[in-house]
Amino acid sequence: MNYFPDEVLEYVFNFITSHNDRNSVSLVCKSWYKIERYSRQRVFIGNCYSISPERLIARFPGLKSLTLKGKPHFADFNLVPNDWGGFVCPWIQALAKSRIGLEELRLKRMVVSDDCLELLSKSFLNFKSLVLVSCEGFTTDGLAAIAANCRFLRELDLQENEVEEHSGHWLSCFPESCTSLVSLNFACLKGEINLGALERLVARSPNLKSLRLNRTVPLDTLQKLLMRAPQLVDLGTGSYVHDPSSEAFNKLESAIQRCKSIRSLSGFLEVAPCCMSAIYPICPNLTFLNLSYAPGLHGIEPTKLIQHCRKLQRLWILDCIGDKGLGVVASTCKELQELRVFPSDPFGAGNAAVTEEGLVLISAGCPKLNSLLYFCQQMTNAALITVAKNCPNFIRFRLCILDPIKPDPLTNQPLDEGFGAIVQSCKGLKRLSLSGLLTDQVFLYIGMYAEQLEMLSIAFAGDTDKGMLHVLNGCKKLRKLEIMDCPFGNIALLEDVGKYETMRSLWMSSCEVTLGGCKTLAEKMPSLSVEIIYESEQMEFCLDDRQKVEKMYLYRTLVGHRKDAPEFVWIL
Amino acid sequence: MSTATVKTKKITLRTADNHDFEVDEAIAMEFGTVRTFFDDNPDASDEPIPLLNVSSKCLSTIIEYCQSLLAFRARDSSSSVEDEAKAYDEELVKNQDNELLKEMILAANYLNMKDLLDMLNQAVADRIKNKSVEYVRRFFGIENDYSPEEEAEVRAQNEWAFEGVDPDDD
Numbered sequence: 003m004n005y006f007p008d009e010v011l012e013y014v015f016n017f018i019t020s021h022n023d024r025n026s027v028s029l030v031c032k033s034w035y036k037i038e039r040y041s042r043q044r045v046f047i048g049n050c051y052s053i054s055p056e057r058l059i060a061r062f063p064g065l066k067s068l069t070l071k072g073k074p075h076f077a078d079f080n081l082v083p084n085d086w087g088g089f090v091c092p093w094i095q096a097l098a099k100s101r102i103g104l105e106e107l108r109l110k111r112m113v114v115s116d117d118c119l120e121l122l123s124k125s126f127l128n129f130k131s132l133v134l135v136s137c138e139g140f141t142t143d144g145l146a147a148i149a150a151n152c153r154f155l156r157e158l159d160l161q162e163n164e165v166e167e168h169s170g171h172w173l174s175c176f177p178e179s180c181t182s183l184v185s186l187n188f189a190c191l192k193g194e195i196n197l198g199a200l201e202r203l204v205a206r207s208p209n210l211k212s213l214r215l216n217r218t219v220p221l222d223t224l225q226k227l228l229m230r231a232p233q234l235v236d237l238g239t240g241s242y243v244h245d246p247s248s249e250a251f252n253k254l255e256s257a258i259q260r261c262k263s264i265r266s267l268s269g270f271l272e273v274a275p276c277c278m279s280a281i282y283p284i285c286p287n288l289t290f291l292n293l294s295y296a297p298g299l300h301g302i303e304p305t306k307l308i309q310h311c312r313k314l315q316r317l318w319i320l321d322c323i324g325d326k327g328l329g330v331v332a333s334t335c336k337e338l339q340e341l342r343v344f345p346s347d348p349f350g351a352g353n354a355a356v357t358e359e360g361l362v363l364i365s366a367g368c369p370k371l372n373s374l375l376y377f378c379q380q381m382t383n384a385a386l387i388t389v390a391k392n393c394p395n396f397i398r399f400r401l402c403i404l405d406p407i408k409p410d411p412l413t414n415q416p417l418d419e420g421f422g423a424i425v426q427s428c429k430g431l432k433r434l435s436l437s438g439l440l441t442d443q444v445f446l447y448i449g450m451y452a453e454q455l456e457m458l459s460i461a462f463a464g465d466t467d468k469g470m471l472h473v474l475n476g477c478k479k480l481r482k483l484e485i486m487d488c489p490f491g492n493i494a495l496l497e498d499v500g501k502y503e504t505m506r507s508l509w510m511s512s513c514e515v516t517l518g519g520c521k522t523l524a525e526k527m528p529s530l531s532v533e534i535i536y537e538s539e540q541m542e543f544c545l546d547d548r549q550k551v552e553k554m555y556l557y558r559t560l561v562g563h564r565k566d567a568p569e570f571v572w573i574l
Numbered sequence: 022m023s024t025a026t027v028k029t030k031k032i033t034l035r036t037a038d039n040h041d042f043e044v045d046e047a048i049a050m051e052f053g054t055v056r057t058f059f060d061d062n063p064d065a066s067d068e069p070i071p072l073l074n075v076s077s078k079c080l081s082t083i084i085e086y087c088q089s090l091l092a093f094r095a096r097d098s099s100s101s102v103e104d105e106a107k108a109y110d111e112e113l114v115k116n117q118d119n120e121l122l123k124e125m126i127l128a129a130n131y132l133n134m135k136d137l138l139d140m141l142n143q144a145v146a147d148r149i150k151n152k153s154v155e156y157v158r159r160f161f162g163i164e165n166d167y168s169p170e171e172e173a174e175v176r177a178q179n180e181w182a183f184e185g186v187d188p189d190d191d
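Chains A and B supply the protein sequences, listed in that same order. The numbering of the first sequence is my numbering, which starts it at 3 and goes up by one. The numbering of the second sequence is my numbering, which starts it at 22 and goes up by one.
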């Protein structure tokens, strides 16, 4: 009989790091539950309303790293009004009151205030890492508090946040004694910062590996920073504009050549194409290149750069690269795993955009491709079938045809067969976004074949409730389903109400579900929060059960209805 | 120039099942418990050192491991040697059944051998990765003492609140 003493178990548990594995361990028996919960350090909460901070703290007193997600994904398309929710304050307040030694906080789509940033900065002596993605509600004053008070800060990473900018003074608030920075990303800020303070900060941060600047940092400052930090692994340039015949530019060329560790490059928020040649020496080592914020690089400039990047694994670009440019990517980047092609002109006629041809070329040239986000003019079934054959390893496949209900232009057919081929071939597919003209048939295929699918995004697709039912009945691992402008109604919504307890959330907007249908669902499933989200003018009109609901968001929760919902949210 | 024959001191280790293993001192010193033993008993005679919690099967594998460890250390510390050492480690654990692996962990813990323990723990973690709760229970020979209601409650909390990371959250 093997008997593992507690301290040996704890030691073994140190090597069990994935959240799922730790969850399994906690279910083995009661004593394991206890040992595991005291030793779990990293917690991921995909929906901040699924549990309360108090229960988190009660279960995991050894918590060091917390990840929280707030608003549903469609908030990115402005479908969720501001003030809907996702406030991080109660979490920080509860953690501050407890004895938790928080070291890392990662937030996505949450509302963050200056007050709670200040509380955060003062409550946790060992706080090391703050990552804010698509958050809002704070100003540069909150950043100043973090800079000033977190004595051992290693990481401040701001991605795509809406920040009210009072002044650039926040960066100067890092004290002279702060020498621990490993990662600093303020690319999403628009305001000027004190360039001297930035140079001094970089100079006293010997461990700095990742630095992403905003557009107010000029090229000659970039040169000085690179001279101080040749050990950088990840660089986001600010403004990249200069006279290529100048002294400053020459200095930049030598500075860049000393940076032999750079593997990841982004930025070029403003760019003079004639300066790109300075980048070529580091291109052969790049594994990640993000040119999606560089509309100033047009024509063949992106392609010229990419031709030097044979080791690229992840590429984010704008669609002005064109199909031909994607052909160059396909023949150069044999290690490519992830490609994101963003629209440079989402509302325009786009002769600069890419089509199915570019995608086919990529699929043929890059067999390791497993993650795709592709905004394009058009797509054909034949192309999707070819892509499915060439790349069976997709984990994420997101296709966004700019005209959302466009059929296959060659055959005028819906794209059901094309997407059907994708789900049939890519047995590991976890995330899928559909677009184009689509009938119930595509959902039949998804329900039949997409066994590992966790997240599905649908818009303007399907004919009847059968479509949604195929998905709900077939996709056993489905966690997030988001639907807009589809003819799915109460029959689909109510057929299997227990299904929603196996999912994190369901979003339906501009569909056929009615208030009555939602009420029935809420009545049958008290463990779900069924939210009806109004635009503020609508409130008086929607008390009729037969009225269609504009926006519904439902999610499973262990702690009942949230108390922080604004007036325009009705929780049934 | 004559090469002097260095007489390596031998130390005898006695396992729980009463087998004696004679090993070079260098190898015995890899065992934290043996080091502590000699620290506490500097005048220890050449009596066999009892290793009460280690079977002969375990000890012979551990001794093999130490011999390779010392051999790798004697070579340079280049990355190719590191790779070879890693491959050796993998081969060693690959062929062990779950029972022996668990015994080895207990032995390595008793003998206070951190590097070996790390390596074995990682191997166990890899073996239960992505496996069901029932599998983990069987692997460790643990009986479930949750009531169905208690288990359902923990399961709900795990799945609804403390889930795995999303595939698109890098």
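Treat the hints as calculated values from the structure; they're not laboratory data. Treat the hints with caution; some may be incorrect.
Claimed, not checked - Here are the simulated DSSO-like pairs of lysine-lysine, each with C-alpha atoms no more than 27 Å apart in a straight line:
1. A:Lys478 <-> B:Lys150
2. A:Lys99 <-> A:Lys130
3. A:Lys306 <-> A:Lys262
4. B:Lys135 <-> A:Lys432
5. A:Lys99 <-> A:Lys565
6. A:Lys66 <-> B:Lys152
7. A:Lys408 <-> A:Lys501
8. A:Lys32 <-> B:Lys150
9. A:Lys432 <-> B:Lys150
10. A:Lys66 <-> B:Lys107
11. A:Lys36 <-> B:Lys135
12. A:Lys429 <-> B:Lys152
13. B:Lys135 <-> A:Lys501
14. A:Lys429 <-> B:Lys107
15. A:Lys391 <-> A:Lys336
16. A:Lys36 <-> B:Lys107
17. A:Lys526 <-> A:Lys550
18. A:Lys429 <-> A:Lys526
19. B:Lys135 <-> A:Lys313
20. A:Lys521 <-> A:Lys478
21. A:Lys99 <-> A:Lys66
22. B:Lys135 <-> A:Lys478
23. A:Lys370 <-> B:Lys30
24. A:Lys370 <-> A:Lys336
25. A:Lys526 <-> A:Lys468
26. B:Lys115 <-> A:Lys32
27. B:Lys150 <-> A:Lys66
28. A:Lys313 <-> A:Lys192
29. A:Lys501 <-> B:Lys107
30. B:Lys107 <-> A:Lys479
31. B:Lys152 <-> A:Lys479
32. A:Lys370 <-> A:Lys468
Claimed, not checked - Incomplete in silico selection of chain A near chain B, CB under 10 Å:
33. Tyr13
34. Glu453
35. Lys501
36. Val571
Treat the numbers as computed from the prediction; the structure is a model and nothing was measured. By construction, the Cβ of each residue, glycine as well, lies at the ideal position given by its N, Cα and C atoms.
Keeping to a limit of 27 Å between CA atoms, is the pair of Lys526 of chain A and Lys550 of chain A held or broken?
20 Å, holds
Lys429 of chain A and Lys152 of chain B: Cα distance at most 27 Å?
19 Å, holds
Can the restraint linking Lys135 of chain B and Lys501 of chain A be considered satisfied, given a maximum Cα separation of 27 Å?
47 Å, violated
Pair hint outcome, Lys429 of chain A versus Lys526 of chain A [Cα-Cα no greater than 27 Å]
34 Å, violated
So if I understand the rule, the pair passes when the alpha-carbon distance is 27 Å or less; does Lys135 of chain B with Lys432 of chain A pass?
38 Å, violated
So, Lys501 of chain A near chain B? Judge it on the closest CB pair being under 10 Å.
14 Å, violated
Does Lys391 of chain A pair with Lys336 of chain A here, judged by a C-alpha cut-off of 27 Å?
At roughly 17 Å apart (the allowed maximum being 27 Å), Lys336 of chain A and Lys391 of chain A satisfy the hint.
Minimum Cβ distance from Glu453 of chain A to chain B below 10 Å?
With Cβ-Cβ at 14 Å, over 10 Å, it is violated.
Quick one, are Lys135 of chain B and Lys478 of chain A close enough, alpha carbons at most 27 Å?
42 Å, violated
Is the Cα-Cα distance between Lys107 of chain B and Lys479 of chain A 27 Å or less?
36 Å, violated
Given the proposed pairing of Lys313 of chain A with Lys192 of chain A, does the C-alpha separation stay at or below 27 Å?
32 Å, violated
Quick one, are Lys135 of chain B and Lys313 of chain A close enough, alpha carbons at most 27 Å?
Violated - the C-alpha atoms of Lys313 of chain A and Lys135 of chain B are around 37 Å apart, more than 27 Å.
Checked against the numbered hints given earlier, the structure breaks hints 4, 7, 10, 13, 14, 16, 18, 19, 22, 23, 26, 28, 29, 30, 32, 34, 35, 36 and satisfies all the rest.
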